[in-house]
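A.B. asks: Quick note, the sequences are listed as chains W and A, same order. Each residue of the first sequence is one higher than the last, beginning at 1 in my numbering. Each residue of the second sequence is one higher than the last, beginning at 1 in my numbering.
No lab work stands behind these hints, which were simulated from the structure alone. Backbone N, C-alpha and C fix where the C-beta goes; we use that ideal spot for every residue, glycine too. Certain hints may be false.
[Unchecked claim] Stretches of chain A that chain W covers, calculated by requiring three or more beta carbons in the stretch to come under 8 angstroms of a beta carbon on chain W: (1) 171-179; (2) 197-209; (3) 226-238; (4) 257-270.
There are 2 protein chains.
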Amino acid sequence: MSFASHLEKTTHSTASSIGHAPAAVPAQRGEVVVSLALRHAGTRIVTLRYEVCGDAELPAVFVAGGISANRHVGSSEAFADAGWWEAQVGAGRALDPRRHRLVAFDWLGSDGSLDAVIDPADQADAIACVLDALRIERLEAFVGCSYGAMVALQFAARHRARLNHVVAISGAHRAHPFSSAWRALQRRAVALGALQCDESHGLALARQLAILSYRTPEEFAERFDAAQVVDGRVRVAAEDYLDHCGAQYTARTSPLAFQRLSESIDLQSVAPECIDVPVTVVAVQEDRLVPIADSLDLAQRVRGPTRVQVLRSLFGHDAFLKEEAAIAAVLNHALNHTLQPAATSHSPIAIEAAA
Amino acid sequence: MSFASHLEKTTHSTASSIGHAPAAVPAQRGEVVVSLALRHAGTRIVTLRYEVCGDAELPAVFVAGGISANRHVGSSEAFADAGWWEAQVGAGRALDPRRHRLVAFDWLGSDGSLDAVIDPADQADAIACVLDALRIERLEAFVGCSYGAMVALQFAARHRARLNHVVAISGAHRAHPFSSAWRALQRRAVALGALQCDESHGLALARQLAILSYRTPEEFAERFDAAQVVDGRVRVAAEDYLDHCGAQYTARTSPLAFQRLSESIDLQSVAPECIDVPVTVVAVQEDRLVPIADSLDLAQRVRGPTRVQVLRSLFGHDAFLKEEAAIAAVLNHALNHTLQPAATSHSPIAIEAAA
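Please model the entire structure based on the sequences and the hints provided.
C.D. replies: Shown next as structure tokens:
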């Protein structure tokens, strides 16, 4: 694959000079234009936008979140806005740019300019292009959450020589058929809105439906009370919250990007037997989108050494965003303890309850 | 309340003369026009449509299902179409019109002519009007499933002198806040369709969303495989099934009726402490719409004697329609064993696993 690269902004200051700002570390954004062979849609010229934080000499860790996440994982001096995983990124945190060079990118398709079927395997290949552009031969780890975990597994299967360790949080080797049905109906909501050129209305409904899959009945029972009659209609207690979720999402998301990335989740299909790098599998017992049985199946079938950590969380699939201390502990453990090769490929899986 | 009544059709033959037809029993349909004080929408003149099957001398059992059910519970000589609970109704079945006089009605609002907030308590009062019209003073039992169970509890709280026993299957004293959120989004799908004068499209989506709440991930995992790429789009394996569910539902359901009955579920609120008739609570462990914790809470708080039966089912909330043998056993037990008053109102609940 050919590529052209452009650096948007670079800072190489290393002194920590500003009051409460994070210790200054080099951070850079850039983009690379590559010709990428998509699995279902032919070869396309695409622009990949990345962000890197940490010295080039440090071991590199690729970080990827859900389909709504982006290249800005955590704030830095150069890019001071809060990142989507702010609680885990920064000096003294689990993903510390003074110890690792953190790399992330905007998902292929996330800018809404690619109206094509996008396979999670395509994302893995795109990430390999980003690493080429950055001259990173090998990742110390690929930390992925949700869709990012799916792509991490694809990367491990397709670019085995380029990474030492996968940390797959709340994502598995397949999309569960029930979760796929749930997402298909979200896409239908967007399509229904599009029929009347009101895509944002449809996208808001899709997001609200997605929220129900990310969270748990237990959380809603704690937060929300009984329905009320308002102006001749029944309004349930969660509707204000759901309105907020919908409005916030439509303000920053292209309906086409949502459609294509939502579809992409449903194409996830990696044979775990093709993965022979060490894998840390993090599963949440209350996750209604990625049933824990799928995570355990993944862990049992991968060929590399495996560690399974099971969390309990009222927040279900969103635990990776909400259970800050438990996720920090998982990440610290995963990045500081080398997984030993298993005695045999069929040795029992050690399941650890996370702190 | 005043009422006028009209009998649509009556048969009083008692001989079983036709090959495999059910033993002939009297069956009749009728309607009664009443003035009904709605809890949230003032007094309205409404038409209530009922069906009765079984001799007038037999003890009466009122039968009610989900919001999509109607007065035709099971087939008879007079009304030969299959009813919505055909497996449970008929000679030799759990609900046997040779042993009980079975009464059912079309939900208030189900014909789409009542554009008002309908409380489950209104349904209970409407049922009392139907019983008045039929000169039924007292029910041997009120067997309700899903929304029908909610209404049965309302009937017990509001018309205590008119029934001996409630059988509440997969329905509780409150709507769970998470399930309410799920239904609110279904109503938003109908509203989104209505904005573009395509209510049936919106209603189909709402029904498909409802189906996901009625069933379980475990069933989908057994039935459906991986997604496929079809004509440049991802199509998940459950979409054919969901299309079928949507089309079937929109062919027979008024969008307004769906909106108002769906809302009604979310208004369910009965203090269990106000119920002092015997109650059989039937809960399904896999039910994602009516969490078993709510059913157990109900059983612990009612003042009358209580029996709890817990089923396991791959079909979740739809178990009352799908687990024919287990539900038949539950009904046979409930209708043939008198519940003894508890020693105290706080005695421990005996939980029985159903066959």
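A.B. asks: Look at each hint and say if it fits the structure.
C.D. replies: Results of checking the hints against the structure:
1. 171-179: holds (count 6)
2. 197-209: It holds, with 6 qualifying residues against the three required.
3. 226-238: Coverage by chain W holds here, the residue count being 10 at a Cβ distance below 8 angstroms.
4. 257-270: holds (count 5)
Going through the hint list in order, the structure satisfies each hint without exception.
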